[in-house]
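A.B. asks: Generate the whole structure from the sequences, applying the supplied hints.
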Amino acid sequence: MERQSRTSKITNKTPALRVKCSAGVSIFTVMRLFFIAAFCLFLLTTIAGQPGFSKWFDFGTEAIFHNILLDGDSLIICGSVWNDETEKLEALFLKMDTLGNVTFFNTYADSLGSHLSFHNGYPLIKTSAGKHLMAGDLLNRSSDFLILWNSMGVAEAFWEYPYSANIMTSFIYDILEVSDGYLLFSTKQLENFRLDVWATKIDFNGDVIWENSYGEYSIDEAIGSIWQEDENTIVLGSSKETDEFVELPSLLKCGSNWIFAIDSL
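Mapping of the sequence shown onto numbering that gives the first Met the number 0: residues 0 to 264, in sequence order.
Source of the hints: derived by calculation from the structure; they are not laboratory data. Please note that the accuracy of each hint is not assured.
Listed next, the in silico SDA-like pairs over lysine to any residue satisfying Cα-Cα at most 20 Å (straight line) [unchecked claim]:
id: 1; residue 1: Lys200; residue 2: Ile233
id: 2; residue 1: Lys130; residue 2: Leu68
id: 3; residue 1: Lys130; residue 2: Ile233
id: 4; residue 1: Lys87; residue 2: Ala154
id: 5; residue 1: Lys239; residue 2: Leu264
id: 6; residue 1: Lys87; residue 2: Glu159
id: 7; residue 1: Lys239; residue 2: Ala260
id: 8; residue 1: Lys252; residue 2: Ile166
id: 9; residue 1: Lys54; residue 2: Lys130
id: 10; residue 1: Lys87; residue 2: Lys54
id: 11; residue 1: Lys125; residue 2: Ser141
id: 12; residue 1: Lys94; residue 2: Leu137
id: 13; residue 1: Lys54; residue 2: Gly99
id: 14; residue 1: Lys125; residue 2: Asn66
id: 15; residue 1: Lys125; residue 2: Asn191
id: 16; residue 1: Lys94; residue 2: Thr126
id: 17; residue 1: Lys200; residue 2: Lys239
id: 18; residue 1: Lys200; residue 2: Ser217
id: 19; residue 1: Lys94; residue 2: Asp72
id: 20; residue 1: Lys200; residue 2: Ile166
id: 21; residue 1: Lys200; residue 2: Ser263
C.D. replies: Right, dumping it as structure tokens:
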């Protein structure tokens with residue numbers, strides 16, 4: 000009887016303890032969730048997120064955006080615009096806020112009457128002087144070009160780089176600024192229709208300091224990515240064609256990854 004009485008006391012106390020602990024945890028959890036929800040509601044009501052935009056921009060003629068750069072709280076956009084009077088493509092440079100309101104835009108035409116052409120992804124960079132440098136092609140004269148725009152959207156300089164005799168086409172892939180100028184990285188097609196990787200260094204006046212090609216004359220190479228650690232370490236990730244073939248079911252020449260480094264000299 001005594002054993003049963005003690006057992007009864009133990010079994011009576013245990014549920015009471017469990018109920019008490021369970022109730023305590025539940026209240027704490029509910030209160031914690033309440034404060035989290037209240038804090039989230041406070042953030043939603045006090046912090047206004049910036050809305051996006053989808054707008055139509057009418058320049059009175061055909062215009063295309065080719066690249067975009069975030070510059071602080073502004074968007075810098077480069078592209079091309081068709082001039083109905085001259086029937087030529089001109090360069091387009093504009094600045095807008097992140098709500099899509101155009102601050103200003105300007106155009107630039109080639110003084111010798113050539114088309115200024117841009118492929119999607121042509122480089123657009125902001126320089127250390129607060130200006131913007133964009134690249135493109137001159138269709139009628141087989142040249143690369145750079146346009147330097149100031150902070151007010153005025154073209155300050157136009158630099159042309161005609162293809163050498165052994166170059167058929169050229170595509171400026173990227174621009175890097177160094178202490179004494181800019182490095183231009185290009186994929187060029189040679190007269191034998193093979194692609195090659197090129198690097199050109201220019202000073203801040205646009206004059207060529209040096210130009211080098213990298214790769215083999217009879218093999219296709221193309222730039223894939225560029226990483227700059229400093230002026231002494233600029234790594235190019237590229238692709239290189241090989242002489243091997245695979246059957247897929249038809250013969251296809253293989254390719255491989257090619258990584259190499261140069262400096263600004």
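A.B. asks: Assess, step by step, whether the Cα of Lys130 is no farther than 20 Å from the Cα of Ile233, and give holds or violated.
C.D. replies: 23 Å, violated
A.B. asks: For the pair supplied as a hint, Lys94 and Thr126, is the alpha-carbon distance within the 20 Å limit?
C.D. replies: 16 Å, holds
A.B. asks: With a cut-off of 20 Å on the C-alpha distance, tell me whether Lys200 and Ile166 pass.
C.D. replies: OK: Lys200 and Ile166 at ~18 Å, within 20 Å.
A.B. asks: Holds or violated: Lys54 and Gly99, Cα atoms, limit 20 Å.
C.D. replies: 7 Å, holds
A.B. asks: Given the hinted pair Lys130 and Leu68, is their Cα-Cα distance within 20 Å?
C.D. replies: 12 Å, holds
A.B. asks: Hey, Lys87 versus Lys54, does the alpha-carbon distance stay inside 20 Å?
C.D. replies: 26 Å, violated
A.B. asks: Lys94 and Asp72: Cα distance at most 20 Å?
C.D. replies: 10 Å, holds
A.B. asks: Is it true that the CA of Lys87 sits at most 20 Å from the CA of Glu159?
C.D. replies: Holds: Lys87 and Glu159 sit about 17 Å apart, inside 20 Å.
A.B. asks: Under the criterion that the straight-line Cα-Cα distance not exceed 20 Å, is the pair Lys87, Ala154 satisfied?
C.D. replies: 18 Å, holds
A.B. asks: Below or equal to 20 Å on CA atoms is what counts here, so check Lys200 against Ser263.
C.D. replies: 8 Å, holds
A.B. asks: Given the hint that Lys54 pairs with Lys130, test it: the Cα-Cα distance must not exceed 20 Å.
C.D. replies: 26 Å, violated
A.B. asks: Lys125 and Ser141 were given as a pair; does the straight-line alpha-carbon distance stay at or below 20 Å?
C.D. replies: Violated. Lys125 to Ser141 sits at ~26 Å, over the 20 Å cutoff.
Consistency with the previously given hints fails for numbers 3, 5, 8, 9, 10, 11, 12, 15, 17, 18, ordered from lowest to highest.
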